[in-house]
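Peer 1: Chains A and B supply the protein sequences, listed in that same order. Okay, so the first sequence: first residue is 61 according to this note's numbering, each after it adds one. Okay, so the second sequence: first residue is 975 according to this note's numbering, each after it adds one.
These are computed hints drawn from the structure, not numbers from a lab. Quantities reported herein were computed from a predicted structural model and do not represent experimental measurements. Be aware that a few hints might be false.
As the list claims (entries may be wrong) - Cut-off 25 Å, straight-line C-alpha distance, at most; resulting in silico cross-link-like pairs (BS3-like, lysine-lysine):
1) K365(A) to K785(A)
2) K172(A) to K785(A)
3) K1131(B) to K365(A)
4) K1007(B) to K365(A)
5) K1136(B) to K1072(B)
6) K365(A) to K1136(B)
7) K1071(B) to K1131(B)
8) K1007(B) to K1131(B)
9) K1071(B) to K365(A)
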Amino acid sequence: MFRWGGFHIYVVQLVCSLSLLAGSLAPFDAWSQKTYSLRGEVYDDVLVPLTGAIVNLSPGDHMATTNGEGRFLLQGLAPGWYVVQVHYSGFHPSGDSIKIHTGEVFHRVELKRKVLRLDDVVVYGDPPDLLQRETPLTMEVVSGVELRQQMGGSLMQSLSRVPGVESMDIGSGHSKPVIRGLGFNRVLVAEHGLRHQGQQWGADHGLEVDQYAVDRVEVIKGPASLMYGSDALGGVVLVDHHVVPPRDMMGGEVNLFAASNNRLAATSVILYARRNQFHSSLRVSLSGFGDYRVPTTHVDIYSYKVPLQEGRLRNTAGQEQSIHWSGGFEKGRVRNRTFFSYVHSKGGFFAHAHGLEPRSVDTALHDLSFRDILLPFHQVAHTKVINHTIVSGNRSTVVFKTGYQHNRREEHSAYTQHGFMPALFPDTTHYPATLERAFNLDHLSMVLRVTRAFSKGVVMHGGVSSEYQQNRIDGRSFIIPDYSQWQSGVFLYGKKHLSNRQVLHIGVRYDHSRLHTEEHFDWFRSPVPVGSDTVYKHLLRSSAAEHLFHNLTWSAGYNLNMEDLSFRVNLGKGFRTPMAHELASHGVNYHQFSYQIGDPNINPEVSWQLDMGLSWQHAKATISFSPFVNNFTNYIYLNPTWEFDRLYGNGQQVYRYAESEVFRWGGEIFAQVAVNQWLTAGAMIEYVWSEQLSGEKTGYPLPFSPPLTSRWNLKATGSSIKSIKTPWIQADVQWVASQHRIVPPEWETPGYALLNLSAGATLGFANLSPVITLSVNNLFNSKYYRHTSYYRLINLPEPGRNVLLTLSVPFQQRRETGQKEPMRQTKTEPKSNHSIY
Amino acid sequence: MRQRSVFGLMLSLLVFTVHFFTACSREEVDMVKPEIHFDFSGASPIACDTLFFGEVFHFRMNFSDDVELGAFNLDIHHNFDHHSHTTEGIPCPLDPKKPPVNPWVFIQDYPIPSGLKFYEADMEWVLPSGNDAGPYDEGDYHLVVRVTDRSGWSAYKSFAIKILHAR
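Bound-form chain A, shown alone:
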């Protein structure tokens, strides 16, 4: 099964390829027109190009591998009839007869997936992107259509149906990803292939991505540092918007969303057009929601009983506005696209639990309206401009991406004197008294990536990436200092098809990072004992420091894909450079009533992970099992100590950033059976176990450890009745075990079971095909707590019953030009339920 000979040759090829890769930056081989040739493209069922698919042409035993754009070229052919076969793991192989009769024949192939679906989340054995195709890592893909059917309050809530993915929620409208129990800076989010850089270091900071604009999400579970550098050690969430519209088409989609629990109303409208090689799209999304409701009359925050009006959590309302534009052209081998986006969101914090202690608030004022956003609240504006240039040759592809991001985050609250601040806020500052904290981040990034397909099924990727960020703080309260950071990396990754069924992967990466933190003094004076006297001084919270980090990462994997069975294994190293808050924070955490202190001597976090996957896919059933074993040599975590802070805060408990060795294991099991023509049953189980092996919390698990979670699903699909096409209905039971494995300051969380129902259909009216979905989450209005919710620490239950309605109306029109694309053999008419693909 495993041939060392093949491996040896592969390594030799890998080394040799290094020099060739460099050469491939030179002009591409000219297209040969002298002999007969077959040019083609291979796509998946949502028209994403497949990289590394194997194309066999017989007679003659010609073979090619598709490049990063899914393209292939077979040259030196004799005219006549041939059979083209395309193989790609996770997909049904295709076979077509074609006639080679002109100088160059174009052939386009769309492969169909082998897999079935659970919860409208498609679980693929193989990822579609350039570098992740046939990855030995575990990967899940969710399309925008599916995402819209299962819409939650935020992108990550919608994605939490993916096995192994959780959302860490901050209220009902903001969240950030948690993959297999790892979150914050351990999960990298990339939009259009470039790192999304917001203020994700803060536990109370959400992700600034408009979920309505998302057309496709890929989730890589496990260390993907090799391709993405620092932060990708827990996993990667790849978000894509604006799939390129088909040639000479214009159209759009109107989406409407409503939810009963927090009275959410949202709309998102996209318009797109393409004429010849030029295309453009514009999307505007607006959403607003009120305070969310929990099925209880009061909540208990550190033994303070807060009465609620109609179960509404005071001041958790929010709103979001965003605009996304893209424009580009495709001419010959060159494609260029520019993306611009602006996402603005504002959301209240639960009024009773922000500050130094549980607070009583003016309940009469708050209860006047459940839609208003009063103090305390946060407000984020994220602007992003990204440009892609892709140049494809017949064997090579060069991708160059640059991006600029600006993130401004503000947190506002009523001024409360604490520590030795003056009783009344002075009017001499340049910011208003309510500005608790502000962060101004500028981020520049660029990635250059070269892919080259060699003979004998070898595909090499090489690249460099570099980014610079600068974060400037403002406001009356200190948590992290101003900082700036340079990060650069260089990587080389190769894969070899040992046969049609076996793929071997190996990659190596080097990263270098320089982080500079500035010094920071308090704006007020505190008493400092000097001898027998007491003097009042502006205290130094953070001293200037320069941190240099570098890391060598590698990864190796293997895939075996048989008719029904596929197996993958990967061993990889992940790393993460410490962030400013871990090195230099020194301030009150107003959400946890604690005081956190960084450690300037913290080392880059290193993780080793062994991932495996076994799946069996049959016409009527799919079973997959994806276990992992993981060891962190030094996990950086916020350790609650027994000390109290006196000078800087209000006497809060001190939490210090510390490192500990951590062992984790876990995985996901997924099964689905087509009971008969119209009924499918599915199940999904996920679990993560962790233990700290060193440090002050030896024997404890990691914070926010997700409990054993399972989902049981029945889905019935009906046949079309007149204008109601493909109606479906599903019942979904989520059963979550209790979590007793906790670490200070967490609470044990009891288990719960939830029943969710949903139904939907595609309707046919005139030329429109609106898609409608109605769902009820938490049908029995159960009161439950989620262990990974940020508000769990202050004992807030999760939302009660929620009825959601989504409606998508796609429309599209072909521009009559009389021009026809030569040789395109596939349909360009879109599928009704993949309207914008």
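Since the structure of chain A is already known, use the hints to place chain B on it.
Peer 2: Then chain B, alone, in the frame of chain A:
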């Protein structure tokens, strides 16, 4: 044959993880939070108490933990804006809201000698009646008592009190 070897691999992985699971049987860790006791006669202050500037303040509460206590902390700050409340029993009557001029602030932490599971805090001192800026504001104040154990668990109680100038 291939299928068999794949299953073999998966089986060994399972055995490997289960082995880890059992081998790493959990070391005993402290799962109990410390407690603050003030429900005995002589405990001071009690919720809704009135204290006086310039007079003796008597703090008497007990702390306990199943393994080892860490430290306790006292924090007294004004409640003129009614932001605070008592976590014990019924709400205390509050004076009308007023802007702070020269409120008294007291923050002090007290490490508990190591190795103790039970500690009786019994302290008294005279409350200062003013500073360079003049006499302290009288009215509603808030006393927060916090305790930790050595594992980092903590407990919290808060008391609404009034501090007045002696007449």
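Peer 1: Indicate, hint by hint, whether the structure satisfies it.
Peer 2: The hints, checked one at a time:
1. K365(A) to K785(A): The hint is violated at about 51 Å.
2. K172(A) to K785(A): Given pair K172(A), K785(A) holds - Cα atoms ~22 Å apart, limit 25 Å.
3. K1131(B) to K365(A): holds, 13 Å
4. K1007(B) to K365(A): holds, 20 Å
5. K1136(B) to K1072(B): Holds: K1136(B) and K1072(B) sit about 14 Å apart, inside 25 Å.
6. K365(A) to K1136(B): Distance ~22 Å between K365(A) and K1136(B) Cα, so the pair holds.
7. K1071(B) to K1131(B): holds, 23 Å
8. K1007(B) to K1131(B): holds, 13 Å
9. K1071(B) to K365(A): At roughly 22 Å apart (the allowed maximum being 25 Å), K365(A) and K1071(B) satisfy the hint.
Checked against the numbered hints above, the structure violates only hint 1.
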